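Once you've looked at the hints, dock chain B against the given chain A.
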Amino acid sequence: MSDAALPAAVPARKRLGLSDEALARIVCGLAILAVWEGAMRLWAPPFIARPSGIAVAFWPTITSAAFLEAAGATLGAMAQGLAIAVVAGTVIGLAIGRSWIADRALHYYVNGLFAMPMVAILPLLTLWFGYTSGARLATVVFASIFAIIINVSDGARSVPREYIEVSRAYRASGFSRLMEVVLPASVPYLLAGLRLAAGRALIGAVVAEFFAALNGLGYFILFNTRTFKHNEAFVAVLCLACFGVAVELMMNGATRRYLPWYRREDRGA
Amino acid sequence: MSMAMDQRAPAHETAKAPQGERAPARIRARGLGKRYGALQVFRDIDFEVGEREIVAIVGPSGCGKTTLLRCINGLIPLDAGEIVANGERVTQPIAGMAMVFQHFGLFPWKTVTANVAYGLRMAGATRAEIAEKVPYFINLVGLAGFEHAYPYQMSGGMQQRCGLARALAIEPNVLLMDEPFAAVDAQTREILQFELLRIWSERPTAMVFVTHSIEEAVLMGHRVMVLKGRPSSIFEMVDIDLPFPRNRSTLLHPRFAKLREHVWRCVMDEAQAAERELHV
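Residue numbers (this note's numbering), protein chains in the order written: chain A, 1 to 269; chain B, 1001 to 1280.
The shape of chain A in the complex, shown without the other chains:
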């Protein structure tokens, strides 16, 4: 009989349009904010970032010229670097995936460089490119390209043999096979690589800004932290987190929109 009483509790939440999951997430988030706020008020000096301070600083910060300029610089470098990494990484990845020679020649270097933290070569990059936005761009490309290469080469290697056979049976040229069969079959892998690369690109850009004192969100955070404007610094940190989520959402949207066939091949089987 206690079961009968249960449904009565549900409609209150349902009216708000909240599922159990969303409710749990919100409650947990609020609890973290409350603990954070309370702890800061009790023990920390007033300039340390806290939820109420961030809330107040949020709007003035993201509309300030300094912030917008910094965000533009970081995102611009990230977009530019990713574009270079996608084009070059796809070409190299296809070569590794489809050519025995390219695979043998590059396999270990690519895997080694992918595993190596790009922060390690940042001092070298600043020597080669100077303390300029060129060094940041190089860091972004370096941070992201190997994830693309590895994923695309995996994709190109695992094109179902049947597709290759179809294209040969219909007398496609090698170039057409690459562009029309191998490349589209590798696109899902490219997207998986891009997802990974986008995160690494953002880290690369921010770290390069820390290291080379270039105008950007990384430097914005550094500068505001050192001038005791922790709330403002934290707004920029939140924005970086939001970019990560935005990239994820864009990828999912693009997959649904442009690759409707992907991951549905075995549906109904």
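Quick caveat, the hints were computed from the structure, so don't treat them as lab data. The structure presented is a predicted model; accordingly, all values stated were derived computationally and were not measured. Ideal Cβ positions, reconstructed from N, Cα and C, are used throughout, including at glycine. Hints may contain errors.
As the list claims (entries may be wrong) - Partial selection, computed: residues in chain A whose CB lies under 8 Å from chain B: (1) Glu-165; (2) Arg-171; (3) Gly-174; (4) Ser-176.
Unchecked claim - Listed next, the stretches of chain B that the computed footprint assigns to chain A, with coverage defined by at least 3 CB atoms under 8 Å from CB atoms of chain A: (5) 1183-1190; (6) 1215-1228.
Relative to chain A, chain B alone:
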């Protein structure tokens, strides 16, 4: 349908050779042999396929039916013998041949229209030709209304109709069928068999039809090639003297039952022997 196509149909009708006629041959195969390392798959295979003849190939699984078909298409090299098709020695895929694949071989990122157009585009057809032929062949295989569907949105039977349309669209004079209906359910399979016979009688070509279904082989073929042995070779070339056009009533023909029984014995002797060996 275009005028050109309307006019071509009666031409086939008048030129229709008497059934079972084998010359001029579209495909001539002499002394074919294929090895994978130490494993000899088949050897000493000789046969011809007429311009408007269907040769069905049956044999126990693993006898190299599909390998033989791929050799005919030029997808894999032979180790012995030679195949001449359309007067050209086959060492790689040649013009005028089209393969229908067991698992359809459709590109999942292309719609029905784009998949059907693929062979034509690779054969260098112009935009105008593609725009004219693709809808015609989509219609011929009964896929009208699904032009913009992706393979994942269609049943196996519909996907194979699409695979068939892609092959027919290049208007080949040799059609190679690699167990085309093995991956669809039994009812769909029957429907597609009769559809294929209907389409073939509208546009007769040379056809090599690989199947593991004895009934299907007898239904489709002018002749049935029984492959057997290790390495396999032609055990018997069975003439199927059933009248064309073939349709559902062919299955009720007393001669059909006799021929099916005959081919069954050819194939099964060895299969049964193998079974017995396993149970020793």
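Structure versus earlier hints - violations, ascending order: Per hint list: 3, 5, 6 violated.
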